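**Q** Position 49 of the sequence shown, counting from 1, maps to 88 under this note's numbering, and the rest follow consecutively.
Hints were generated in silico from the structure; no laboratory data involved.
Predicted model only: the values in this text are computed from it and were never measured.
Check the hints yourself; a few may be wrong.
Here are the computed lysine to aspartate or glutamate pairs in the EDC-like style, where the Cα-Cα straight-line distance is at most 16 Å [to be verified]:
| hint | residue 1 | residue 2 |
| --- | --- | --- |
| 1 | 189 | 224 |
| 2 | 54 | 139 |
| 3 | 97 | 211 |
| 4 | 98 | 212 |
| 5 | 171 | 211 |
Distance windows between CB atoms, simulated [claimed, not checked]:
| hint | residue 1 | residue 2 | range |
| --- | --- | --- | --- |
| 6 | 106 | 188 | 33 to 41 Å |
| 7 | 154 | 83 | 15 to 23 Å |
| 8 | 149 | 54 | 34 to 42 Å |
| 9 | 49 | 172 | 33 to 41 Å |
| 10 | 187 | 101 | 19 to 27 Å |
| 11 | 82 | 227 | 28 to 36 Å |
| 12 | 228 | 83 | 29 to 37 Å |
Beta carbons are placed, not taken as given, at the ideal position from N, Cα and C, and that holds for glycine.
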Amino acid sequence: MKNLLNDIEKCIICKAHLPLGPRPVVTADVSSKIVIIGQAPGTRVHQSGIPWNDQSGKKLRQWLGVTDEQFYNTQNFAIIPMGFCYPGKAKTGDLPPRPECAPQWHEPLFDRMPNVELVILIGAYAQNYYLKDKKALTERVGDYKTYLPKYFPIPHPSPTNRFWRAKNPWFEELIVSDLQEMVMELITK
Numbered sequence: 040m041k042n043l044l045n046d047i048e049k050c051i052i053c054k055a056h057l058p059l060g061p062r063p064v065v066t067a068d069v070s071s072k073i074v075i076i077g078q079a080p081g082t083r084v085h086q087s088g089i090p091w092n093d094q095s096g097k098k099l100r101q102w103l104g105v106t107d108e109q110f111y112n113t114q115n116f117a118i119i120p121m122g123f124c125y126p127g128k129a130k131t132g133d134l135p136p137r138p139e140c141a142p143q144w145h146e147p148l149f150d151r152m153p154n155v156e157l158v159i160l161i162g163a164y165a166q167n168y169y170l171k172d173k174k175a176l177t178e179r180v181g182d183y184k185t186y187l188p189k190y191f192p193i194p195h196p197s198p199t200n201r202f203w204r205a206k207n208p209w210f211e212e213l214i215v216s217d218l219q220e221m222v223m224e225l226i227t228k
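Kindly generate the complete structure, drawing on both the sequences and the hints.
**A** Below, the structure is given as structure tokens:
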């Protein structure tokens, strides 16, 4: 795993497309129990090199019901985005994750994590890549039990996604507690 993470850290396959240059942000350990797959780092995460070190991360940790210490413990969570580097700015939010990362790095990472029991798919990019069922995000999130025990689809916790959360209060009212229960059960084993 250490060699693979070193290779990822040196990755430059999409360098020409990255406005701030390459800075892959990923954490994993051979003993990781849960994998979080999101979109790509934002500018704050790009600067710090710490995944989910922003407002989205605060909301995500709240949804998961974990402390910062639990979240950043790689024996609990591997954090593997769809795109490992900041992709640039779009009209609203950031550009989509670069398409090179997931096919290049996800399988080798999963191959080295035999203890993974749950993959949390955050947002449409991760869900489309892994679920391939042609459903919309809202439908997947509402039907999350059909993807268990392996996958748990959730919306992106970004502040720019507040409108989705306002239109779909059932997610935080009904589903977040199930997510928290599963996460706690896995990380306290």
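**Q** Hint by hint, which ones does the structure fall short of?
**A** 5, 6, 7, 8
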